[in-house]
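Top to bottom, those sequences are chains G, S and F.
The opening position of the first sequence corresponds to residue 3 in our numbering, with each subsequent residue numbered one higher.
The opening position of the second sequence corresponds to residue 111 in our numbering, with each subsequent residue numbered one higher.
The opening position of the third sequence corresponds to residue 92 in our numbering, with each subsequent residue numbered one higher.
There could be a bad hint or two in this list.
Stated by the list, open to error - To be clear about the criterion: a stretch of chain S counts as covered by chain F if any three or more of its residues have a C-beta under 8 Å from a C-beta of chain F, and this derived list gives those stretches: (1) 157 to 164; (2) 182 to 189; (3) 198 to 211.
Unchecked claim - Residues on chain F that point at chain S, a partial pick, calculated with CB under 7 Å: (4) D107; (5) G109; (6) A220; (7) L221.
Said to hold, decoys possible - The following residues of chain G were derived to be distant from chain F, with all beta-carbon distances above 12 Å: (8) P138; (9) K313; (10) L327.
None of these hints come from the bench; they were simulated from the model.
Glycine residues also receive a C-beta, built at the ideal position from the N, C-alpha and C atoms.
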Amino acid sequence: MSVRRGLLAFVATLLAALATLSACSEPEADLVIYSGRSEELVAPLIEDMEAELDIAVDVRYGDSAELAAQLLEEGDATEADLFFSQDAGALSALAQAGLLSDLDQNVLDVVADRYQDPQGRWVATSARARVVTYDPTQAPEATEFDSVDDLLQEKYRGEIGFAPTNASFQSFVTALRVTRGDDAARQWLEDFSALEPAAYENNIAVLEAVNGGDVSLGLINHYYWYQMQQELGAEAMNAKIHYLDSEDAGALVNVAGVGVLRSSEAADLAADAVDFLLSEQAQQYFADETAEYPVREGVESTTYDLVPLEKIDSAPIDLNDLGSLEETLALLDEVGLT
Amino acid sequence: MSRLEVKGLDKSFGRQSVLRSLDLEVATGCLTAVLGPSGCGKTTLLRLIAGFDHADAGRIRLGDAVVAAPGRHEPPEKRRVTVVPQEGSLFPHLDVASNVAFGLGRTGRRTGSRVAELLELVGMGGFDRRMPAELSGGQQQRVALARALAPDPQLILLDEPFAALDAGLRVSLRAEVAAALRLAGATAVLVTHDQEEALSTADSVAVMAAGAIRQHASPLTVYRRPTDLEVARFVGEAVELTGVADGGSVTTVLGTHPLYGTAVGTGLVVLRPEQLVVGPNGVAATVVEQQFFGPSTVLTLALNDAAGVVRARTNGSHPSGATVKVHVDGPVVFFPGG
Amino acid sequence: MFAVLPLVYLVVRAGDKGAAFAWAYLRRDSTVELVVRSLALTVTVTVACLVLGVGLAFVTTRVALPGRAVWMTLAALPLAIPSYVSAYAWISALPSLAGFGGAALVLTACTYPYVYLPVAAALSRTDPALEEMARSLGRTPWQTFRSVTLRQLRPAAASGALLVALYVLSDFGAVSLMRFDAFTRVIYTSYRASFDRTPAAVLSLVLVVITVAITMGEVRSRGKAQQWRTGAGAARVPVPLVLGRRTTLAAIGGCLAAALLSLGVPLASLAYWIGRGSSLDLDWSRLAGAGVTTVLVSAAGAVVCVLLAIPVGVLAARHRSPAVRMIEQATFAGHALPGIVVALALIFFATRYARPLYLEMPLVIAAYVVLFLPAAVGAVRASVALSSPRVEEIARGLGRSPYGVLGAVTLPLAAPGVAAGAALVMLTCMKELPATLLLHPTGSETLAIRLWSLTRVGSYADAAPYAAALVLLAALPTVWLGQALRQRLDSTETVP
Numbered sequence: 003m004s005v006r007r008g009l010l011a012f013v014a015t016l017l018a019a020l021a022t023l024s025a026c027s028e029p030e031a032d033l034v035i036y037s038g039r040s041e042e043l044v045a046p047l048i049e050d051m052e053a054e055l056d057i058a059v060d061v062r063y064g065d066s067a068e069l070a071a072q073l074l075e076e077g078d079a080t081e082a083d084l085f086f087s088q089d090a091g092a093l094s095a096l097a098q099a100g101l102l103s104d105l106d107q108n109v110l111d112v113v114a115d116r117y118q119d120p121q122g123r124w125v126a127t128s129a130r131a132r133v134v135t136y137d138p139t140q141a142p143e144a145t146e147f148d149s150v151d152d153l154l155q156e157k158y159r160g161e162i163g164f165a166p167t168n169a170s171f172q173s174f175v176t177a178l179r180v181t182r183g184d185d186a187a188r189q190w191l192e193d194f195s196a197l198e199p200a201a202y203e204n205n206i207a208v209l210e211a212v213n214g215g216d217v218s219l220g221l222i223n224h225y226y227w228y229q230m231q232q233e234l235g236a237e238a239m240n241a242k243i244h245y246l247d248s249e250d251a252g253a254l255v256n257v258a259g260v261g262v263l264r265s266s267e268a269a270d271l272a273a274d275a276v277d278f279l280l281s282e283q284a285q286q287y288f289a290d291e292t293a294e295y296p297v298r299e300g301v302e303s304t305t306y307d308l309v310p311l312e313k314i315d316s317a318p319i320d321l322n323d324l325g326s327l328e329e330t331l332a333l334l335d336e337v338g339l340t
Numbered sequence: 111m112s113r114l115e116v117k118g119l120d121k122s123f124g125r126q127s128v129l130r131s132l133d134l135e136v137a138t139g140c141l142t143a144v145l146g147p148s149g150c151g152k153t154t155l156l157r158l159i160a161g162f163d164h165a166d167a168g169r170i171r172l173g174d175a176v177v178a179a180p181g182r183h184e185p186p187e188k189r190r191v192t193v194v195p196q197e198g199s200l201f202p203h204l205d206v207a208s209n210v211a212f213g214l215g216r217t218g219r220r221t222g223s224r225v226a227e228l229l230e231l232v233g234m235g236g237f238d239r240r241m242p243a244e245l246s247g248g249q250q251q252r253v254a255l256a257r258a259l260a261p262d263p264q265l266i267l268l269d270e271p272f273a274a275l276d277a278g279l280r281v282s283l284r285a286e287v288a289a290a291l292r293l294a295g296a297t298a299v300l301v302t303h304d305q306e307e308a309l310s311t312a313d314s315v316a317v318m319a320a321g322a323i324r325q326h327a328s329p330l331t332v333y334r335r336p337t338d339l340e341v342a343r344f345v346g347e348a349v350e351l352t353g354v355a356d357g358g359s360v361t362t363v364l365g366t367h368p369l370y371g372t373a374v375g376t377g378l379v380v381l382r383p384e385q386l387v388v389g390p391n392g393v394a395a396t397v398v399e400q401q402f403f404g405p406s407t408v409l410t411l412a413l414n415d416a417a418g419v420v421r422a423r424t425n426g427s428h429p430s431g432a433t434v435k436v437h438v439d440g441p442v443v444f445f446p447g448g
Numbered sequence: 092m093f094a095v096l097p098l099v100y101l102v103v104r105a106g107d108k109g110a111a112f113a114w115a116y117l118r119r120d121s122t123v124e125l126v127v128r129s130l131a132l133t134v135t136v137t138v139a140c141l142v143l144g145v146g147l148a149f150v151t152t153r154v155a156l157p158g159r160a161v162w163m164t165l166a167a168l169p170l171a172i173p174s175y176v177s178a179y180a181w182i183s184a185l186p187s188l189a190g191f192g193g194a195a196l197v198l199t200a201c202t203y204p205y206v207y208l209p210v211a212a213a214l215s216r217t218d219p220a221l222e223e224m225a226r227s228l229g230r231t232p233w234q235t236f237r238s239v240t241l242r243q244l245r246p247a248a249a250s251g252a253l254l255v256a257l258y259v260l261s262d263f264g265a266v267s268l269m270r271f272d273a274f275t276r277v278i279y280t281s282y283r284a285s286f287d288r289t290p291a292a293v294l295s296l297v298l299v300v301i302t303v304a305i306t307m308g309e310v311r312s313r314g315k316a317q318q319w320r321t322g323a324g325a326a327r328v329p330v331p332l333v334l335g336r337r338t339t340l341a342a343i344g345g346c347l348a349a350a351l352l353s354l355g356v357p358l359a360s361l362a363y364w365i366g367r368g369s370s371l372d373l374d375w376s377r378l379a380g381a382g383v384t385t386v387l388v389s390a391a392g393a394v395v396c397v398l399l400a401i402p403v404g405v406l407a408a409r410h411r412s413p414a415v416r417m418i419e420q421a422t423f424a425g426h427a428l429p430g431i432v433v434a435l436a437l438i439f440f441a442t443r444y445a446r447p448l449y450l451e452m453p454l455v456i457a458a459y460v461v462l463f464l465p466a467a468v469g470a471v472r473a474s475v476a477l478s479s480p481r482v483e484e485i486a487r488g489l490g491r492s493p494y495g496v497l498g499a500v501t502l503p504l505a506a507p508g509v510a511a512g513a514a515l516v517m518l519t520c521m522k523e524l525p526a527t528l529l530l531h532p533t534g535s536e537t538l539a540i541r542l543w544s545l546t547r548v549g550s551y552a553d554a555a556p557y558a559a560a561l562v563l564l565a566a567l568p569t570v571w572l573g574q575a576l577r578q579r580l581d582s583t584e585t586v587p
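Just chain G, with the same shape it has in the complex (with noise of 0.2 Å):
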């Protein structure tokens, strides 16, 4: 008896469901973004982007490769105005399948040339270095370090934590390849991967064990540190991070950034927004907010003391080529790197 009950509730239930679900929808936006970068990252420079540009802006969250192969598949039929990638890479497959129009000049010179697709596709919207950070105590040598090979010492055996699906330690990757080709690179990741460093799921992971004294050194990038050191505290703060030669693979300076979908129907607002995203304010933001490296000339964060983006990056690597990430994926496989 009480399981027919139960049953009937249980129907009824669904039933209500699918009532309610009906009669929910949502209002019409002037412009529509898929952002691969997160949302804690970038709503709050929406809301701005609303506020200035006076429309309403609905934002489609996800991975950043996921959201390329929507697009992809989507075709034409999208509803995407803008993509806003966490990489180039996706924004790169995006133009060679020709989704992406073309960026106005203006809006380009504002950054440089490394920081945009020599096409003028797609342009870079912040930057990301990649640094080394060490526990002071078990490894204040680290500020001596030059290069990555630097790491490759017996007595880090079991001591250096990464994050081997992160994209920015694979970027890092396919910029060893692309420094040193590719014998060399598999030879570090070989040399590497002999040392058994400690896998993490991802950058904070391997920031905390770090601070946390589990190991002495990890790879992360640069605005994980000031994002803790900032929660912290300085005092409570234990690691600490060290830029290698600007030369080096491991200072690798990744970019996240923006392209607008051929196919849209609200073309003259997408580039507003792309406007936007590089003026003075959004630009103020990333630097002061996530931590992330401006593109724009002449905006410093005023909340972090970053070391100056011209310091680290004399832009020896093509970002370009960071397209080639399947071979990178097939080498840390071949190495056991994964």
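Take the given structure of chain G and dock chains S and F to it, following the hints.
What follows is chains S and F alone, placed relative to chain G:
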């Protein structure tokens, strides 16, 4: 084959007492029927003998071994007691031969001669490869019997094995089963609520009511000389008349009849319908109704001087309203009092 | 038909670069290795789930265990834990678990209830008379369990094992966090590494072939076995086994260990992160909104799945013709596909042929149907197969049409099982992430989406309340499943 001895068996489920100090003895090679109405505890008794349930008190002895006693419970597989249940309960995933061979040892299972012999015995030769679902109810019961006989058990328990079958099949099958059991020299207990089945099949009948055995004797004795009124009523149709006993005989409205044993005083006389003979002499009675049953006809007779109504068997035809004469044939049973 | 859409899509995409490319890709050593690796994981997890699921089912339904009801609920509850939550808990506690061992551990811990639930249900209704027969014929309890009980459980265990195997093949969360290169992770990586959909489509097709093979294996193992009881008489409920003190302790220990591994670790990790975060920052209205959306979409997904599953399930239970087998297996095709593949297939079709539905809730529900219809079909089929077709024939004899019989006899008899199937689909929908993420209407969000969004920026403390809410909500249908199971045991537990 062994002797079964049950002494002082008690069993309750929660507050409901099902068996109350039950005693039962079954001689070696003897087929005993436990006859009782539904809910009298027959099946519980059987499950305790088989070892499926634990007794609260009392002991069960099989041959020389005590299989259940306070603090002692031989598990079913050690007792060598097999069961033919009401629904057959053949293993649905095994064919007929494998079902029969189930209780045999490894070697017995391999040779298969015993299986063929038993299937022949129960009239199921040639059905080895059939699946249980392909058999009729009667066939399933035959296979269940062969399966129970196969391991040469100390005791076979038959739990209303014919109840689910139709009337004609029931009669023929129980004769065959009784014959097969005797041929195998099996000690067997047949639980049933069907008087005819118990009387016609068993060597001895134990009448059970309210969790105890009321009378255990040969079928004829149980039928002709029931020890109490309840047994009398349950074992067969009883004609009940008041009478006055004076030693070796008793006097009722139908005359004076010899008694089994001796008694004195007023009480109830019980005789069987076939003892009421319609013939040329005796007491006059009026036919109220006649029911034709083929070999015999049952007459409902109103006795004169308002002594009540009795039922008698005859093979002649007597229309309603006719006057006939009846007399009592053979000795009767007398219960003193009310 | 709907379930076949991803197949069409995959064939189109795999053929993008010509059959020669696809063939060459297939024959690469790494593809062969991938198949071996994925199958090894699938077999390991399935076997582990069978052992754990059947063992726990036996202990909780047949043994007189103190607190039996609690153990039953606990044994079903891991279904409420998304594999990515469990995997995260394990990997953050024991980073060295990464790889095959960790993936197998997490997937076993998350999926064994797929075996436990149907087997426990089957155990509660298998006829104990058969086991008593076996005992009286000289088999020990253990021999009886092996030769009789297990055989009776085979259909239930096989259908559970099938769900486990398909789940393992399609799961992304656990294998990606454990960094084990199973099919889904490689397919995903292939999208990310090359933005080339052809290799991913080729690999997905291989996955489909494996799925069909596994499904056919399950159908074979189900065989001709007839499930309704032979003979007359009412089935009794087994008398719980009373064990000795030491065995009872061992049984409780087993239940406790299973609960700790599958529930304890993820819940402790959630508690840790909730403790670390400051609850003041929590946006309750947003959490509630995501919760409501989650429940609504999942419930709708469950209802649609079950409605579609009824015809397929009834046919599968009653008419085993080759055509019906084809239809049934077609529904399974989508089940082993990674959510991202199903989502991309639906994007492909919706943008071309159903534009108004694109990025609306019905599309999400469509993805749920493709992904989870098999679970619903399995539930319908199993519960219909349990009732004897004789009863339906009687209803026909009483003048009902075939459809009348379906409504008046077959479905009411199967209703508890069908409802259980709906609950199962609903909680699976709640946990689903990849397809929901790609297809949800822009601006709406579910708990799983929020959870993903917060964890990817490392805000574990902020994500924990969402994970907790998800587990709690998913626990409701799970507990209900456990309750239904227990009621079935209690209601029939009467004096013989």
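Would you say L327 of chain G is clear of chain F, with no C-beta pair closer than or equal to 12 Å?
violated (4 Å)
Is the interface hint satisfied for L221 of chain F? The criterion is a beta-carbon contact with chain S at less than 7 Å.
Hint on L221 of chain F: holds, closest Cβ of chain S at ~5 Å, below 7 Å.
Minimum C-beta separation from P138 of chain G to chain F exceeding 12 Å: can you confirm that?
holds (23 Å)
Given that the region 182 to 189 of chain S was listed as covered by chain F, double-check it with a C-beta distance under 8 Å for 3 or more residues.
holds (count 4)
Between the region 157 to 164 of chain S and chain F, are there enough contacts, at least three residues with CB-CB distance under 8 Å, for the coverage claim to hold?
With 5 residues in contact (Cβ-Cβ under 8 Å with chain F), the coverage given for the region 157 to 164 of chain S holds.
Verdict on K313 of chain G as a residue remote from chain F, using beta-carbon distances over 12 Å
holds (27 Å)
So is the region 198 to 211 of chain S in contact with chain F by the C-beta rule, three or more residues under 8 Å, or is the coverage claim wrong?
holds (count 6)
Agreement of hint D107 of chain F with chain S interface, Cβ distance less than 7 Å
Violated: closest Cβ of chain S sits about 49 Å from D107 of chain F, beyond 7 Å.
Can the hint on G109 of chain F be confirmed by a CB-to-CB distance to chain S that is less than 7 Å?
violated (50 Å)
A220 of chain F as chain S interface residue, shortest Cβ-Cβ below 7 Å
Because about 4 Å separates A220 of chain F from the closest Cβ in chain S, which is inside the 7 Å limit, the hint holds.
This entry does not satisfy hints 4, 5, 10, going by the numbered hints stated previously.
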